[in-house]
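> If you read the protein sequences in the order shown, they are chains A and B. Using the numbering used here, read the first sequence as starting at 1486 and increasing by one per residue. Using the numbering used here, read the second sequence as starting at 1486 and increasing by one per residue.
Check the hints yourself; a few may be wrong.
Said to hold, decoys possible - 27 angstroms max Cα-Cα, derived DSSO-like pairs, lysine-lysine: (1) A:Lys1544 with A:Lys1534; (2) A:Lys1568 with A:Lys1617; (3) B:Lys1544 with A:Lys1544; (4) B:Lys1544 with B:Lys1617; (5) B:Lys1544 with B:Lys1534; (6) A:Lys1617 with A:Lys1544; (7) B:Lys1568 with B:Lys1534; (8) A:Lys1568 with B:Lys1685; (9) A:Lys1685 with B:Lys1568; (10) B:Lys1685 with A:Lys1685.
It should be emphasised that the hints constitute simulated quantities derived from the structure, not laboratory data.
There are 2 protein chains.
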Amino acid sequence: MTVGGGGRAARRRAQIRAEIITAAAELFSARGYRATTLDDLARRLGMSKTTLYGHFPSKEDLLAAIFHRTMTLVESGLADIRKSGGPPVEQLRRVVRHQVRTVVAEQSFLGVFFAEETSLPPRLARAIARRKARYDRSVQAIVEAGVRAGTVIAPRPRLLVWALLGMSNWAYRWFDPRGAWDADEVADAFVALVERGYLKTAAPARHDAARRLARIEREVQALRPLLDGRGVTRP
Amino acid sequence: MTVGGGGRAARRRAQIRAEIITAAAELFSARGYRATTLDDLARRLGMSKTTLYGHFPSKEDLLAAIFHRTMTLVESGLADIRKSGGPPVEQLRRVVRHQVRTVVAEQSFLGVFFAEETSLPPRLARAIARRKARYDRSVQAIVEAGVRAGTVIAPRPRLLVWALLGMSNWAYRWFDPRGAWDADEVADAFVALVERGYLKTAAPARHDAARRLARIEREVQALRPLLDGRGVTRP
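The following block holds chain A by itself, in its conformation from the complex (with noise of 0.2 angstroms):
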C-alpha cells in the first residue's frame, strides 16, 4: 500500500469515527447515556459491534470523544473572535452569535454535554470543569474590556456572562430546526434584548427633552421681541 493509500485510510478511519459519535450523541441525548446501549448504537449505524469496538472499545470512550469534540468546537470559535481583535461590543455581540449558532447546529451535542455531567468519570469530569472555566473567563476578559473602553455597562462582568450564555445555552432546550427562526434569527433577537433591553424608556426620556426645549424656545422667542422693542440690534 502506498503512503497516499495510508493517508486515504487514516481519512477513512476518521470519517467513521466522526460518523459514530454524531450517531452517539444523537442516541445518548433522546433517551439518555445510561439507557443506551453500544447493541443500540451498533443497530443504528448498521454496524458490527466488532467494528464499533475497533474504533470505541467503551461507551465511556464515546461519552469523552463528545465532550472533547463539544469543548473544542465551542473554544475554538471564542479563539478565532478573540483573533479578530475588534471592539469588545462587536465581539460580544459575535460571542452570542457564536453560542446560538454552535448549540443549534451541534443539539445532539450540547444535549449530551448539558445533561451528561453526572456520566462522566471524575477525571473527564475535572478536566472538563478547567476547560469550561477557561472559556468562562474568556468571555469575561470580553465584557471587562468593554467596561474599561467605557462602552459596556456590566457591575458584576461574571453575570454578564452567565446571562448571556445561559440565555444562549438554553436553545439546546427548545430550538425546533422546523420551527419559526433559523439560529441567526434567535441569535440577533437576542443581541438586540442584551444590548439595549425591551423596556422602551428612552421614549420618555426624549419626550421629556422634547417639552423642555420646547419651553426653552417660547421663552427665547419671547425675549426677542423684548429686546428689538428697546431698540437693542441683533448681533
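Using the hints provided, position chain B relative to the given structure of chain A.
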C-alpha cells in the same frame, strides 16, 4: 386514636415524604437518576428500605414526585404574579425574580428537572411537557400585554420568553450558595440587563442632550437679569 391524632399522623407522614423527596433530589442531581439506587437513598436517610418502600414503591415514583413538586412551585409563583395584576413590565420583572429565586432555593430539584427528562416514563413526560408549554404561554401573555401597552419591545415575544427563562434557569448550573451573590442580587442584575441592555450608547446620547439643554436653560436664565438691568419689563 382520635381524629386529631389521625391528623398528626397524616402530617408526620407528609413530612417524611417531603424529607425523602428532598434527599432523593439531592442524590439524583449529584450522581444522576439512573446511577442512584434506593439502597443509596435509604442509607442517606438512615431509614430501612421497607419504610422507604412504604412511601415510594419505586424509584420512578420518586422521580415523578420531584417533577410534580418542581412544576407546582414554578406554576404557583407565576399564578401569584398574574393575580397581582400590576403593569406588564412589573410582572415580567417579578417573573425573572421568581424564576431565579426558585432555581436557587431548589437547586437540586431543578437540577433533576432539567437533566432527567429522558428518564421520565412517556406518559409523565407528556404531562410535564404540557404543563411547561402552558407556563411558557402564560409568560408570553405578559410579554404581549406589555407590547400592547407600548411599554415592552418584543418583535418576537416567544424568543423574549425563552431568553428570560434560559438566562434565569441556567443558574441551576452555576449558582454557588457560598458564592458572592444571593438570588436577589443575581435577579436584580438580570432584570437591569434585560430591561436596559448593557450598551452605553443610549445613555451618552440622553446624557449629551440633557447636558446641552441644561446649558441653554442656564444661558436663557442669565439673559433675564441682564434685560431687567436695562429696565426691560417682562410681558
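> Determine for every hint whether it applies to the structure shown.
Consistency of the hints with the structure:
1. Using a Cα cut-off of 27 angstroms, the hinted pair A:Lys1544 and A:Lys1534 holds, with the two alpha carbons roughly 12 angstroms apart.
2. Taking the CA atoms of A:Lys1568 and A:Lys1617, the gap is near 19 angstroms; set against the 27 angstroms cutoff, the hint holds.
3. Taking the CA atoms of B:Lys1544 and A:Lys1544, the gap is near 24 angstroms; set against the 27 angstroms cutoff, the hint holds.
4. Annotation: proposed proximity of B:Lys1544 to B:Lys1617 holds, straight-line Cα distance about 23 angstroms (limit 27 angstroms).
5. With a C-alpha separation of about 12 angstroms, the suggested pair B:Lys1544 and B:Lys1534 falls inside the 27 angstroms cut-off, and the hint holds.
6. Among the hinted pairs, A:Lys1617 with A:Lys1544 is consistent with the structure: their alpha-carbon atoms are about 23 angstroms apart, no more than 27 angstroms.
7. For the hint pairing B:Lys1568 with B:Lys1534, the CA-to-CA distance comes to about 43 angstroms; that exceeds 27 angstroms, so the pair is violated.
8. The straight-line distance between the Cα atoms of A:Lys1568 and B:Lys1685 is roughly 24 angstroms, inside the 27 angstroms bound, and the hint therefore holds.
9. For a cut-off of 27 angstroms, the pair hint linking A:Lys1685 to B:Lys1568 stands: about 24 angstroms separates their Cα positions.
10. A C-alpha spacing of about 16 angstroms is found between B:Lys1685 and A:Lys1685, which places the hinted pair at or below 27 angstroms, so the restraint holds.
When each numbered hint is compared with the structure, a violation occurs for hint 7 only.
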